[in-house]
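Starting from the two chains in their separate frames, assemble the complex, guided by the hints.
So the protein lines, in turn, are chains A and B. All residue numbers for the first sequence refer to my numbering, where the first residue is 1 and numbers rise by one. All residue numbers for the second sequence refer to my numbering, where the first residue is 1001 and numbers rise by one.
None of these hints come from the bench; they were simulated from the model. Careful: at least some of the hints might be erroneous.
FRET-style restraints, in silico, Cβ to Cβ [what the hints assert, rightly or not]:
#: 1; chain 1: B; residue 1: Phe1025; chain 2: A; residue 2: Glu209; range: 39 to 49 Å
#: 2; chain 1: B; residue 1: Glu1039; chain 2: A; residue 2: Ile19; range: 19 to 29 Å
#: 3; chain 1: B; residue 1: Ser1028; chain 2: A; residue 2: Ser205; range: 30 to 40 Å
#: 4; chain 1: A; residue 1: Ile19; chain 2: B; residue 2: Val1062; range: 11 to 21 Å
Note that the Cβ used here is the ideal one computed from N, Cα and C, for glycine as well.
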Amino acid sequence: MHIPDGFIPFPQYVVYWVIALVALYFSMQWARRELKERQIPLFAVLAAGIFAIQAMNIPIPWGTSGHMVGAALVAIVFASPWAAVLLLSIVLILQGLIFGDGGLTALGANIFNMGVIGGFTGYYLFRALRSAGEIPAVAVASWASIFLAAIACAIEMWIAGTFPLVEGLWMMGLYHAVIGIIEAAITVVVVIAIENSRPDLFKFSEWGEKKGVASK
Amino acid sequence: MNARDKKFMVGGILIALIIAILAPFLASENPDGLESTAEKVMPNPETEPVVESPLPDYTIPVLGESRVGGSIAMVLGTALVLGLAYGVGVILGRRETEADEGK
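Okay, chain B solo, but in the shape it has when bound (with noise of 0.2 Å):
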């Protein structure tokens, strides 16, 4: 990786931990579109996951229901995804060629 795209990666990770830390804090309690319509359409809309998920609903369960824990699974969500994306993108993604090179 050269300077330049260290420089973009860096800009770039900046920017989703800001959002990262602060979606907990800004994000809205409403429901969303699908909940909200199943709240309106369905008798009993409530729903059991079939497996039980490490960090239930971007929470720390040690943490509770805090603000601060779920900026946390945040971030670590956020480092997860970045890291399996660019691990994803270095064993897919095809070598650069030579005709890349001009571009």
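So that you can see chain A by itself, here it is in the shape it has in the complex (with noise of 0.2 Å):
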């Protein structure tokens, strides 16, 4: 879901560069407030295997292929679509600078949409599912990050004039609505693996306490 450069036209890029720039800001200021020493190798482990299966390229029917984004799972694990915001950019930016995967000029139209849309649809369908069993909460709220920022990035590309609105949003939304089930099966084992090996660090039971849920 990687836009390159040349996709999205001048005066609109930079739109999403200050949307990008200002989630930047409070996802830093997240990390100021919520974000412990004793967080901090899950943090950066997780942007490693977020890095590492995003290029991890899965086929789909008709001749297409996804991979996984991990917005959902990290706004969940972290009980914060900021935490999501933030580890998702430091991806991204090395993706885009190093690797050439989305372009420099949409890096902040990439930032958004999967860490933006990824992280607080991840997050909130996450909270708002949550009594009616938390894996499955997992689940929904996983695929429906990378189902929605796909849908915000074909509307993006029908304003830049780039795909035609009806033909975009199908062909975006019917790829990723199979793209969103990997990531729901690798959110889900990855949330019970953390859950298992480490309950200090995530835990259901504990999930928005005097974290994220508090401070907004």
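Here is the structure:
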């Protein structure tokens, strides 16, 4: 879902850059307030793992492939959408700068779609659905984080004059509805693994307590 | 960092490295959802990056398109992300206060 250079015209990409920088500012405030010293190894390891797994494109039908994004995973594990914005920004900046994955002019839009939309969708949907069962809530929230980021991307491409609206929405929506299933499966496995190996860092029973929720 | 955190980090890094090394061998060559849409709806979807990246498309330029080169690029990238995220965490993160100790 990484937008390359040339897909978004000049005045528009500046708008996404501004949104991304504001979001990055708030995510840094989150880290100041909430990122505890003992959570730093988890933060760093998740960033490395998400970077690596994003490169592993899995084939889906229609001669297309898809990869994990990981924003919902980070937002749920750290009980804050801002954690996802910060971590995904780190991953996306290095991908854009060093590997040419996503254009540098489009970096703001990529942070907005995958970090902000992915993170907020994952966090708030998990929070809303949690009472219906934590694992199903993780699955639905992470699926929707991919799907909605793709829908946003399709609309941006339409505003940019790059994709036609209906075709863009259909294809982006359809492909990412399938990619979202991969996202959901991996997110559920990783969340369960972290809860089992380090309940001191992440536990459903303590989720949101004195973290994210109280301070928005 | 205590022994438990160290063990967790080593385990996490190993998993990330295994994925990084395998990614170029296992990843699908098919275009991703966005590229695939672009190929179908745009007359000429090829675009030039504004700035040439040092390791374009997760390859080491001197090694060409080889998968081993891809693995090396991925391992480098994984190490960079790990270091940067850890550094950002240390610089921005909040110090452990006494209130946290009980948890």
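Hint check for Glu209 of chain A and Phe1025 of chain B - Cβ pair distance inside 39 to 49 Å: Because 42 Å falls inside the window, the suggested range holds.
Range hint compliance [Cβ, Glu1039 of chain B to Ile19 of chain A, 19 to 29 Å]: Check passed, 28 Å falls within 19 to 29 Å.
Outcome of range test on Cβ distance (Ile19 of chain A, Val1062 of chain B; 11 to 21 Å): 38 Å, violated
Ser1028 of chain B versus Ser205 of chain A beta-carbon gap, inside 30 to 40 Å or not: 38 Å, holds
Hint violations for this structure: number 4 only, all remaining hints satisfied.
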